[in-house]
Every structure is written in C-alpha cells, then in structure tokens.
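Colleague: Build the full structure now, drawing on both the sequences and the hints.
So that you can map any letter, position 189 of the sequence shown is 189 in this note's numbering, and since no number is skipped, the others follow by simple counting.
Hints are supplied without guarantee of correctness; some may be wrong.
The following label-pair restraints were derived from C-beta to C-beta distances [stated by the list, open to error]:
1) Glu237 with Ala143: 42 to 50 Å
2) Leu168 with Lys229: 33 to 41 Å
3) Arg137 with Ala175: 16 to 24 Å
4) Thr204 with Lys106: 42 to 50 Å
5) Gly36 with Ser234: 37 to 45 Å
6) His87 with Arg155: 30 to 38 Å
7) Asp178 with Glu237: 39 to 47 Å
8) Val209 with Asp178: 21 to 29 Å
9) Ser234 with Arg137: 47 to 55 Å
10) Ala109 with Asp178: 29 to 37 Å
11) Ile164 with Lys38: 27 to 35 Å
12) Pro50 with Phe230: 53 to 61 Å
13) Arg191 with Arg137: 41 to 49 Å
14) Gly245 with Ser176: 29 to 37 Å
Keep in mind the hints are simulated off the structure, nothing from the lab. Given the structure is predicted, the values throughout are model-derived calculations rather than measurements. All residues carry an ideal CB built from backbone N, CA and C; glycine is no exception.
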Amino acid sequence: MVTWMQKLPDADGLRNEIVHQRGHLNQYSQALRVAGAKLILVGTPTACGPEDVEQGITDKTAAIAFTGLYASRGLPLEDVLRIAKKHGVPVIMDAAYTLPPRSNLKRWATMGVDLVCYSGGKAIRGPSDTGILCGRRDLVNLAAVQMSPHHGMGRGLKVDKTQIVGLLKALQIFASQDDAAESAAREAKARYIMDALKSIPVVTDVKQVVPAEGLLRAWPVVTFMLEEKFLGMSTREVVELLYSGDPGIWVYYNNVLCPGGITMNTENLLEGEERVVVERLREILSR
Numbered sequence: 001m002v003t004w005m006q007k008l009p010d011a012d013g014l015r016n017e018i019v020h021q022r023g024h025l026n027q028y029s030q031a032l033r034v035a036g037a038k039l040i041l042v043g044t045p046t047a048c049g050p051e052d053v054e055q056g057i058t059d060k061t062a063a064i065a066f067t068g069l070y071a072s073r074g075l076p077l078e079d080v081l082r083i084a085k086k087h088g089v090p091v092i093m094d095a096a097y098t099l100p101p102r103s104n105l106k107r108w109a110t111m112g113v114d115l116v117c118y119s120g121g122k123a124i125r126g127p128s129d130t131g132i133l134c135g136r137r138d139l140v141n142l143a144a145v146q147m148s149p150h151h152g153m154g155r156g157l158k159v160d161k162t163q164i165v166g167l168l169k170a171l172q173i174f175a176s177q178d179d180a181a182e183s184a185a186r187e188a189k190a191r192y193i194m195d196a197l198k199s200i201p202v203v204t205d206v207k208q209v210v211p212a213e214g215l216l217r218a219w220p221v222v223t224f225m226l227e228e229k230f231l232g233m234s235t236r237e238v239v240e241l242l243y244s245g246d247p248g249i250w251v252y253y254n255n256v257l258c259p260g261g262i263t264m265n266t267e268n269l270l271e272g273e274e275r276v277v278v279e280r281l282r283e284i285l286s287r
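Modeller: As structure tokens, this is what we get:
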C-alpha cells in the first residue's frame, strides 16, 4: 500500500495548493512545485491586498508562501500571518536573503512563521548544498519524514554527514560574529575597489549601491560601466576573462543594479581579496 509520504509528488486528493503572491514569484518557487504543490498566484507583480490572498485560500490550501527577498512587494508579512492564522493554514517563508542581521535567525519564527527556510551557503557560508528548516516542530518533523533514512521525496537529495557538521560549524561561527564589524569590513573593501576603479581611464560611472529590496541584507555593492569603444572589447568579454582567469573571479553582468555594466559584491571576499580583484581587472583592461 502506498502511503501519502511515498505518494508525493503526486498530490492528487491531498491539500496541495500553496497561495503565492505574484510579486514574490522567483526561480526558487519551483521547489514548491517539485514537492507536488500547485501554486495559486494572487495579486499582481507589484501589488497584493489582503482580499487577494484570502480569495486564493480554498479547502485545498496547504500553506501560504512568503519570500523575504521581495517583502517590499505586495502584502507585508504581518498581514500574511494574520490571514493565515484566521484560516488555520501555515506560512512557509524563504528567508535565505534575510541574513544578516543575525537576529533574523530567530525573528521570523518568533513572529509566528510556521516554516522558515535558510540557505546553508550565502551569508552563513556553510556547504552550498545545505540548508536549515526551522519553525513548528510538528511540521519540521513531517519534512524530516521525507528525508533519509526514510524513503520519501528527499531520499535522493540527502546531505552527507560531513556537510551537516560543516553547516553546524559555519552556523556557530556566523552566530558568534558581529553585524557592525562585518558591515564595516565590507564597506572598506567596497571603498577600496571604488577608489581603484576611478583611476582606470576606461572605467566610468563608478557607484556604491546599497540594495534596499524587501528584507534584503543591506550591504554595499560596487557598480561601474566600461568605455567599450576605447577598450576594444565588450563588457561581456571582460566578465568572461575575469571568470576564466586564475583565480576565477565572478561578477554580475548587466543586472538590475547596473544595466549594461558590472556589479561587484564584497559579501564573500576574504581579507585582501579585494586587491586581487582590482589587480586582475587592471591586467585585463590594460590590454
């Protein structure tokens, strides 16, 4: 006899609808569908009211999804929690981009979010294929049933024991560090990169930008443009040369913060690596 656990991702006959604001839809929303959920999209890409969320709730609603990265779009978390409580459905929050501050490790569950998902990589800097699920014990236990050593959906996605230990150690280190000191170090690296870029003739429009989308952790990134006509190569070619070098340097090209240009994020630069980035860029642009 096939149990409900082994039935997924075939969710026929189960409560499998997840209410999802359109403005919160992103590439990671696919993970909900993979588990067998049907996304009920409500609101518009830029707005969502309480009535939109409530109209999306039916007798097949399993949960309401909320994306921390896009919290400034649509209905705020507090209102989502109020509606969820009224209808007796849990809230699942993608909180991967809400760290730091470190206080957010407990904030969302304390507010009443039923399941909170953090990336083991990103700000925590643990193994990139690990993550943390916390919140209501009964729901976390149900998720655990899907994982090894059981034979649910997550059986083929099990994490190695060494990765679990690595994540726990990374979390200990992350929790022990200071938000202000970390922010100051990133600011200093960004200033160094900016000052260096301003001395390169083919580099223009150098800016320090602090992303302010939703609950996104607010640290500075450096954006700049290249004078392709005088450089003799395209910005994309410069990006590819950075990535293919030794060491490989990955930057954002043509993203929302700098259309047609380059964005450099100091988030994961170790001490002194900002100098490596600048030296490599100078080498490429001096060709």
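Colleague: Hints first: check each against the structure and report whether it holds.
Modeller: Hint check results:
1. Roughly 45 Å separates the CB atoms of Glu237 and Ala143, a value that falls within the hinted 42 to 50 Å.
2. Remark: the range hint 33 to 41 Å for Leu168 to Lys229 is contradicted by a beta-carbon distance near 52 Å.
3. Hint check: Arg137 to Ala175, Cβ distance near 21 Å, so the stated range 16 to 24 Å holds.
4. Checked against the hint of 42 to 50 Å, the C-beta distance between Thr204 and Lys106 comes to roughly 44 Å, which is consistent with it.
5. In this structure the supplied range 37 to 45 Å holds for Gly36 paired with Ser234, their Cβ-Cβ distance being about 44 Å.
6. Between His87 and Arg155, the C-beta spacing of about 32 Å keeps the proposed range 30 to 38 Å intact.
7. Against the hinted window of 39 to 47 Å, the Cβ-Cβ separation of Asp178 and Glu237 comes to about 40 Å, which satisfies the hint.
8. A C-beta distance of roughly 24 Å is found between Val209 and Asp178, which places it inside the suggested range of 21 to 29 Å.
9. The supplied range of 47 to 55 Å is met by Ser234 and Arg137, whose beta-carbon atoms lie about 54 Å from each other.
10. Separated by about 22 Å at the C-beta atoms, Ala109 and Asp178 break the suggested range of 29 to 37 Å.
11. Evaluation of the 27 to 35 Å hint for Ile164 and Lys38 yields a pass: the beta carbon distance comes to about 32 Å.
12. Distance hint check: the CB atoms of Pro50 and Phe230 are about 54 Å apart, consistent with the given range 53 to 61 Å.
13. For Arg191 and Arg137, the hinted distance range of 41 to 49 Å is satisfied, since their beta carbons lie about 45 Å from each other.
14. A hinted range of 29 to 37 Å for the beta carbons of Gly245 and Ser176 is consistent with their spacing of about 34 Å.
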